[in-house]
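Chemist: Here are the chains, one letter per residue:
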Amino acid sequence: MEFPPRLSDLPLIAARHTGAIRRGLCRWSRAASPPPALGDRRWPAELILSTWLQAETGAPAASAPTTGASAGGFDRLAFRELPASEWLPEVRPIDLAIPLNRRAWDPPIEIPVPWYGAGMSFGSVSERVMLARAMAARRCGTFTCTGEGGYPDSLVPYREHVITQIATGMFGVREETIQRARIVEFKYAQGAKPGLGGHLLGDKATMAVAKMREAVPWVSLFSPFPFHSVYSVEDHRKHVDWVKAINPEALVAVKVSTPTDVDMVAVGSYHAGAHILQIDGAYGGTGAAPEVAKKDIAMPVEYAIPKVHRYLTAEGVRDELTVLASGGIRTADDVAKAVALGADGAALGTAELIAMGCTRCANCERGRGCTYGITTTDPELSLFIDPEWAAERVGNLYAAFAARLRDILRHLGLPSVRALRGRTDLLEYRPGPRGAAA
Amino acid sequence: MSYHRYHISCEACPDVARHPNRFRVRVIRWRLARMLLHELFHYRFNLPVVTSRPCVYGTFSGPIGGFAPRPSQCVGCLRCTIEYPDMVRVRPNPERRGLGDSYFTPDKVDTVVQEAATGQIPVRGAGYRGAFGGEAWDGMWTDMSEIVRPTRDGIHGREFISTAVDLGERPGVLTFDGAGVPSVPLPHSFSLPIPMLFDAPPLSVEDPILCRVLAEAAGRLQTLAILPLPRLLALGIRSPAVAPLVRPEEIEATVQLREAPPMLELDGWDDGAYRALKTRFPVTPVYVRLPLEHDPLPVARSGVRLFHVTADYHGRAAGVFVGEAVRSSHAALVKAGIREEAVLLGSGGIIAAADVAKAIVCGLDAVALDTAALVALQGRLEGECLDRGTARVALPRFEEAWGVQRLCNLAGVWRDQLLEILGAMGLREVRRLRGEHGRAMFQADLEREAFAGIAGFEG
Numbered sequence: 016m017e018f019p020p021r022l023s024d025l026p027l028i029a030a031r032h033t034g035a036i037r038r039g040l041c042r043w044s045r046a047a048s049p050p051p052a053l054g055d056r057r058w059p060a061e062l063i064l065s066t067w068l069q070a071e072t073g074a075p076a077a078s079a080p081t082t083g084a085s086a087g088g089f090d091r092l093a094f095r096e097l098p099a100s101e102w103l104p105e106v107r108p109i110d111l112a113i114p115l116n117r118r119a120w121d122p123p124i125e126i127p128v129p130w131y132g133a134g135m136s137f138g139s140v141s142e143r144v145m146l147a148r149a150m151a152a153r154r155c156g157t158f159t160c161t162g163e164g165g166y167p168d169s170l171v172p173y174r175e176h177v178i179t180q181i182a183t184g185m186f187g188v189r190e191e192t193i194q195r196a197r198i199v200e201f202k203y204a205q206g207a208k209p210g211l212g213g214h215l216l217g218d219k220a221t222m223a224v225a226k227m228r229e230a231v232p233w234v235s236l237f238s239p240f241p242f243h244s245v246y247s248v249e250d251h252r253k254h255v256d257w258v259k260a261i262n263p264e265a266l267v268a269v270k271v272s273t274p275t276d277v278d279m280v281a282v283g284s285y286h287a288g289a290h291i292l293q294i295d296g297a298y299g300g301t302g303a304a305p306e307v308a309k310k311d312i313a314m315p316v317e318y319a320i321p322k323v324h325r326y327l328t329a330e331g332v333r334d335e336l337t338v339l340a341s342g343g344i345r346t347a348d349d350v351a352k353a354v355a356l357g358a359d360g361a362a363l364g365t366a367e368l369i370a371m372g373c374t375r376c377a378n379c380e381r382g383r384g385c386t387y388g389i390t391t392t393d394p395e396l397s398l399f400i401d402p403e404w405a406a407e408r409v410g411n412l413y414a415a416f417a418a419r420l421r422d423i424l425r426h427l428g429l430p431s432v433r434a435l436r437g438r439t440d441l442l443e444y445r446p447g448p449r450g451a452a453a
Numbered sequence: 398m399s400y401h402r403y404h405i406s407c408e409a410c411p412d413v414a415r416h417p418n419r420f421r422v423r424v425i426r427w428r429l430a431r432m433l434l435h436e437l438f439h440y441r442f443n444l445p446v447v448t449s450r451p452c453v454y455g456t457f458s459g460p461i462g463g464f465a466p467r468p469s470q471c472v473g474c475l476r477c478t479i480e481y482p483d484m485v486r487v488r489p490n491p492e493r494r495g496l497g498d499s500y501f502t503p504d505k506v507d508t509v510v511q512e513a514a515t516g517q518i519p520v521r522g523a524g525y526r527g528a529f530g531g532e533a534w535d536g537m538w539t540d541m542s543e544i545v546r547p548t549r550d551g552i553h554g555r556e557f558i559s560t561a562v563d564l565g566e567r568p569g570v571l572t573f574d575g576a577g578v579p580s581v582p583l584p585h586s587f588s589l590p591i592p593m594l595f596d597a598p599p600l601s602v603e604d605p606i607l608c609r610v611l612a613e614a615a616g617r618l619q620t621l622a623i624l625p626l627p628r629l630l631a632l633g634i635r636s637p638a639v640a641p642l643v644r645p646e647e648i649e650a651t652v653q654l655r656e657a658p659p660m661l662e663l664d665g666w667d668d669g670a671y672r673a674l675k676t677r678f679p680v681t682p683v684y685v686r687l688p689l690e691h692d693p694l695p696v697a698r699s700g701v702r703l704f705h706v707t708a709d710y711h712g713r714a715a716g717v718f719v720g721e722a723v724r725s726s727h728a729a730l731v732k733a734g735i736r737e738e739a740v741l742l743g744s745g746g747i748i749a750a751a752d753v754a755k756a757i758v759c760g761l762d763a764v765a766l767d768t769a770a771l772v773a774l775q776g777r778l779e780g781e782c783l784d785r786g787t788a789r790v791a792l793p794r795f796e797e798a799w800g801v802q803r804l805c806n807l808a809g810v811w812r813d814q815l816l817e818i819l820g821a822m823g824l825r826e827v828r829r830l831r832g833e834h835g836r837a838m839f840q841a842d843l844e845r846e847a848f849a850g851i852a853g854f855e856g
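As given, the protein sequences belong to chains L and U, one line each in that order.
Here the working numbering is used: position 78 in the first sequence is 93, and no number is missing along the way.
Here the working numbering is used: position 315 in the second sequence is 712, and no number is missing along the way.
To be clear, the hints were calculated from the coordinates, so they are not data collected in a lab.
There's no promise every hint is true.
[Said to hold, decoys possible] Simulated pairs of lysine to any residue, SDA-like, Cα-Cα distance not exceeding 20 angstroms:
# : chain 1 : residue 1 : chain 2 : residue 2
1 : U       : K675      : U       : E647
2 : U       : K675      : U       : S586
3 : U       : K505      : L       : R56
4 : L       : K253      : U       : I544
5 : U       : K505      : U       : G700
6 : U       : K505      : U       : H711
7 : U       : K675      : U       : G700
8 : U       : K505      : U       : E492
9 : L       : K253      : U       : V545
Throw the hints in and build the complete structure from the sequences for me.
Modeler: Here is the structure:
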């Protein structure tokens, strides 16, 4: 029997379920066995539960899994740790900071951890989630990115830590959103749907989302691919010039996917004047994408990182460009492996959502699909995410990642994360049949 | 003659047989009753609050709510079990293990059934969830371009991509006499608007309705269905969209074909039978159906240029996966200098939309769909389905119109996904994809390049 709620009931209903969800996350993250239907090969149940635990405690879980069960990529790599007698002492500080601007000009920006939040648009996630990510970024001194759905006013107080993204649909891009950002990101492509542009299905294009994007509500919004104004590296340079004309102090980040010539794309981005290159591998997250694009188009980031690193090195420009890996970075170990393969750091997306309680049920494309209120634009469901609570969870996850990363570096005898870059000699490959369980 | 843009009309065509739910939902009723009683007092009989459910999909929205959950509605978000760990358990439905076989896995079956039912590309949130790579098509990725597009017209330029393929004869040169008249017979060429045909079904399901559905669907799609000659004759199927599959011993029976078919296929290599077919049907392109492990060059030396190469239903040909075997065949024809004259139609192991593109990248001109078409019709694979002779598939009872629409939906959705892949590459026609190995990335190559030098890697 249905009892339709009155408007006045909504806060009470939200409070009832919010409390139950939080208690459940806490309980399951300590349970002896996970929910039977939780997890997949990229994110097995144990990995999701350990992420919840880290988000709650802020410390790395002692027996946490460090890999998934995908039987490839990061899940086949491990570190060749030194004997315990050669580990760096606990008292010795380990430096996790990386510079985001490696050029001799433009403002120097350094972040204290080698990652920032990847672009997630208003529409793909709720404004409350965006706000939580911005709050967490400020607390940790790093950045988060708006994605291509515009820049909600609620993020303005955090502008020092918010990257404005310009993508092909130009949704919500305005002079003031470029002027207020310290970093402006051009999204050329996204790993989960490379070459296909953006997808926001009509269900999620609510009045608020449509207003922010200057579009029609309840109509699916497909941003084109690629930038219709870019045919070459020179055209990309023109884009960079355009941003610099509006905001001369801004650093420019470029987010690209992983085609076979990703190395050429990287060097092209460098020559176009980019400061940061984010290579977004095929197994990255998304609010909505054709299933065929998630698996079958473009290579996983594990293969792209060394390719880019070596090519930039051979071209003599590696130390002038910050390379961030994204698209499948789930743990601190993945961050470290990405760095060892040649990246400077990483951009995190799905891991932050898992910290907020995501179970990876993959229903994010629907307006009321996310029953946890994370990847929804529904005003009722989004009440389940309290920005303060979620920011605390994301901040805790960052702290746990940082602690684990320091441990890894200490066990490798390295004083800083910068010293790990490109050190494939510190990795080992654990072979097994392709596609079989690790 | 007016311009006609090829279009496949897809429409919702719900399942006729029950497809197993992904999940089972179990509620401990006495705990639910106890909680409701407690909350009635806690929330002072505010029923909308007390009965608000931890599910927006309707799993607990039946007449008696959570006391009789509806697992068909469950999408696996697990909020119910997260909120109420002691009261609700959601489990993967063990019934799904019976779907498909070891190659056509339950997830692949789900996808094909969904595509055939909805006529829409599966679009979902979150990222990829499966194995990193694999030995089969999973160990191959198609390329994309950051900048190049098929055209800058339209949103993605996809509307202008051609999926047409030429499958008829295409001699390397034409010769003319002094008067400018061709001095050799003109080639008998034909094109299909999609690089997909329907292959002859397994012997266990060659029932009349299936054959008629394949023929009718092929007609609506303007493609071809390859059907065994005896069945065609027995059922009296006369369709311009049917290519008879003829065994060498059935050559004489071809006299019963009243019209020249658009294409003929000889089942296995037999020089005499091939010449007889060519003589009897001088204007019909004649394909030779060969197992993929069979070297096509000796047959090509007999003048054959049209091949239908087959792997088993798991994509294996003498222990080699179809992708690799096709690359070898393609390379052999290139080396012999006759690839541009030859056509490679292929089947076996193609069970997803991306497989079509990958097979074409490896070197096929077009593919013939086998088990995928049967699964689209909700056929249940019984045991391991390996080849036409031994595979057992149980089809549900269905109307012909339903079957035709399901196959049209499948073809339409697969074509749309092919357009996505071509669009991502910046290619404007599928013909340019054939044998373009540089448009693909193979796991073994990528690993060797990325991980060479890492301890323990022996790739």
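Chemist: The structure should be examined with respect to each hint, and the outcome stated for every one.
Modeler: Hints versus structure:
Straight-line distance between C-alpha atoms of U/K675 and U/E647 comes to about 14 angstroms, which keeps the hinted pair within the 20 angstroms bound. Among the hinted pairs, U/K675 with U/S586 is consistent with the structure: their alpha-carbon atoms are about 14 angstroms apart, no more than 20 angstroms. For a cut-off of 20 angstroms, the pair hint linking U/K505 to L/R56 stands: about 16 angstroms separates their Cα positions. At most 20 angstroms may separate the alpha-carbon atoms for a hinted pair to count; L/K253 and U/I544 meet this at roughly 14 angstroms.
Between U/K505 and U/G700 the CA atoms are separated by roughly 39 angstroms; this puts the pair beyond 20 angstroms, and the hint is violated. With a CA separation close to 13 angstroms, the supplied pair U/K505 and U/H711 stays within the 20 angstroms bound. Between U/K675 and U/G700 the CA atoms are separated by roughly 11 angstroms; this keeps the pair inside 20 angstroms, and the hint holds. The straight-line distance between the Cα atoms of U/K505 and U/E492 is roughly 15 angstroms, inside the 20 angstroms bound, and the hint therefore holds.
Straight-line distance between C-alpha atoms of L/K253 and U/V545 comes to about 17 angstroms, which keeps the hinted pair within the 20 angstroms bound.
In summary, the structure is inconsistent with hint 5 from the numbered list given earlier, while agreeing with all the others.
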